[in-house]
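Colleague: Below, each chain spelled out in residue letters.
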Amino acid sequence: EDKVVQSPLSLVVHEGDTVTLNCSYEVTNFRSLLWYKQEKKAPTFLFMLTSSGIEKKSGRLSSILDKKELFSILNITATQTGDSAVYLCAVEGGSQGNLIFGKGTKLSVKP
Amino acid sequence: DSGVTQTPKHLITATGQRVTLRCSPRSGDLSVYWYQQSLDQGLQFLIQYYNGEERAKGNILERFSAQQFPDLHSELNLSSLELGDSALYFCASSPSGPPSNEQFFGPGTRLTVL
Numbered sequence: 002e003d004k005v006v007q008s009p010l011s012l013v014v015h016e017g018d019t020v021t022l023n024c025s026y027e028v029t030n031f032r033s034l035l036w037y038k039q040e041k042k043a044p045t046f047l048f049m050l051t052s053s054g055i056e057k058k059s060g061r062l063s064s065i066l067d068k069k070e071l072f073s074i075l076n077i078t079a080t081q082t083g084d085s086a087v088y089l090c091a092v093e094g095g096s097q098g099n100l101i102f103g104k105g106t107k108l109s110v111k112p
Numbered sequence: 112d113s114g115v116t117q118t119p120k121h122l123i124t125a126t127g128q129r130v131t132l133r134c135s136p137r138s139g140d141l142s143v144y145w146y147q148q149s150l151d152q153g154l155q156f157l158i159q160y161y162n163g164e165e166r167a168k169g170n171i172l173e174r175f176s177a178q179q180f181p182d183l184h185s186e187l188n189l190s191s192l193e194l195g196d197s198a199l200y201f202c203a204s205s206p207s208g209p210p211s212n213e214q215f216f217g218p219g220t221r222l223t224v225l
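So the sequences go chain by chain: A and B. One point on numbering: in this note's numbering, the residue at position 53 of the first sequence is 54, and numbering is uninterrupted. One point on numbering: in this note's numbering, the residue at position 50 of the second sequence is 161, and numbering is uninterrupted.
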């Protein structure tokens, strides 16, 4: 069975800290791995990764994929209270090529 | 704002009833995806339509059905509702069919079954 596992499930940090969120997967017919940020409602797209070892970066957020070890990490540096959200990892693949989501990591950034 | 719209925002109904959730994709997007998000299960893929045709099916119950109309909007029909169907239902759209690529999510419909 295809699965995506995120860790930790929740994390509390203080402003200015650096955090690393983990996503491991066992998904057949892997095509890509995506990260989303979910605040109060709809998930919003952060990154899509398809190649191993190539870092994607957007401001204080960065992500990298390891297709050999089947995992990805999402780094957030100099965290701010506005980074508080649930971060979702999704893998595109499986028998039908749809997105398979992990349960998310809930990040809380304290002032 | 992703450009995907969903109505209604909230829906409260009783067990055994039937409801219809509506989604309008971003302009130009041909694919529509439906997801169910509950506290214990996370985001679960239900079904995908591409340009009016069903393309992929996930963990969708037989009591649920969907369709995509010629103007590309989509409806998700949930019937014989049970307490366990209470969840947030998201619609997402993307320009193409599988591979899914980046999907843009609507604000969701929160369904409460009493």
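Hints are computed from structural coordinates only; laboratory data are not their basis. Possibly wrong hints are sitting among the right ones.
To be verified - Subject to a maximum C-alpha distance of 25 angstroms in a straight line, what follows is the list of computed BS3-like cross-link-like pairs (lysine-lysine):
1. B/Lys168 <-> A/Lys58
2. A/Lys4 <-> A/Lys38
3. A/Lys41 <-> A/Lys68
4. A/Lys111 <-> A/Lys68
5. A/Lys69 <-> A/Lys42
6. A/Lys107 <-> A/Lys4
7. B/Lys168 <-> A/Lys111
8. A/Lys68 <-> A/Lys42
9. A/Lys107 <-> A/Lys38
10. A/Lys111 <-> A/Lys4
11. A/Lys4 <-> B/Lys120
12. A/Lys104 <-> A/Lys68
13. A/Lys69 <-> A/Lys111
14. A/Lys107 <-> B/Lys120
15. B/Lys120 <-> A/Lys68
16. A/Lys104 <-> A/Lys4
17. A/Lys41 <-> A/Lys69
18. A/Lys107 <-> B/Lys168
19. B/Lys120 <-> A/Lys111
20. A/Lys69 <-> A/Lys104
21. A/Lys41 <-> A/Lys107
22. A/Lys58 <-> A/Lys107
23. A/Lys69 <-> B/Lys120
24. A/Lys104 <-> A/Lys57
Note that the structure is a prediction, hence the values are computed from the model and not measured.
Colleague: Hint check: B/Lys168 vs A/Lys111, CA-CA at most 25 angstroms. Holds or violated?
Modeller: Violated - the C-alpha atoms of A/Lys111 and B/Lys168 are around 40 angstroms apart, more than 25 angstroms.
Colleague: Would the hint linking B/Lys120 and A/Lys111 be met if the CA-CA limit is 25 angstroms?
Modeller: Measuring from Cα to Cα gives roughly 30 angstroms; hence the hint is violated.
Colleague: For the pair supplied as a hint, A/Lys107 and B/Lys120, confirm whether the alpha-carbon distance does not exceed 25 angstroms.
Modeller: 24 angstroms, holds
Colleague: Given the hint that A/Lys69 pairs with B/Lys120, test it: the Cα-Cα distance must not exceed 25 angstroms.
Modeller: 42 angstroms, violated
Colleague: Holds or violated: A/Lys104 with A/Lys68, Cα cutoff 25 angstroms?
Modeller: Answer holds: A/Lys104 to A/Lys68 is near 20 angstroms, not above 25 angstroms.
Colleague: Are A/Lys4 and A/Lys38 close enough, with their CA atoms no more than 25 angstroms apart?
Modeller: 19 angstroms, holds
Colleague: Within a Cα-Cα threshold of 25 angstroms, do A/Lys111 and A/Lys4 meet the stated pairing?
Modeller: At roughly 31 angstroms apart (the allowed maximum being 25 angstroms), A/Lys4 and A/Lys111 break the hint.
Colleague: Holds or violated: are the alpha carbons of A/Lys58 and A/Lys107 at most 25 angstroms from each other?
Modeller: 21 angstroms, holds
Colleague: Decide if the proposed pair is consistent with the structure: A/Lys111 and A/Lys68, CA atoms, cutoff 25 angstroms inclusive.
Modeller: 34 angstroms, violated
Colleague: Please verify whether A/Lys69 and A/Lys111 have alpha carbons no more than 25 angstroms apart.
Modeller: 35 angstroms, violated
Colleague: Check the hint pairing A/Lys104 with A/Lys57 against an upper bound of 25 angstroms on the C-alpha distance.
Modeller: 22 angstroms, holds
Colleague: Measure nothing beyond the straight line between the CA atoms of A/Lys107 and A/Lys4; if it is 25 angstroms or shorter, mark the hint as holding.
Modeller: Status holds; Cα separation ~19 angstroms.
In this structure, the hints that do not hold are numbers 1, 3, 4, 5, 7, 8, 10, 11, 13, 15, 17, 18, 19, 23, in rising order.
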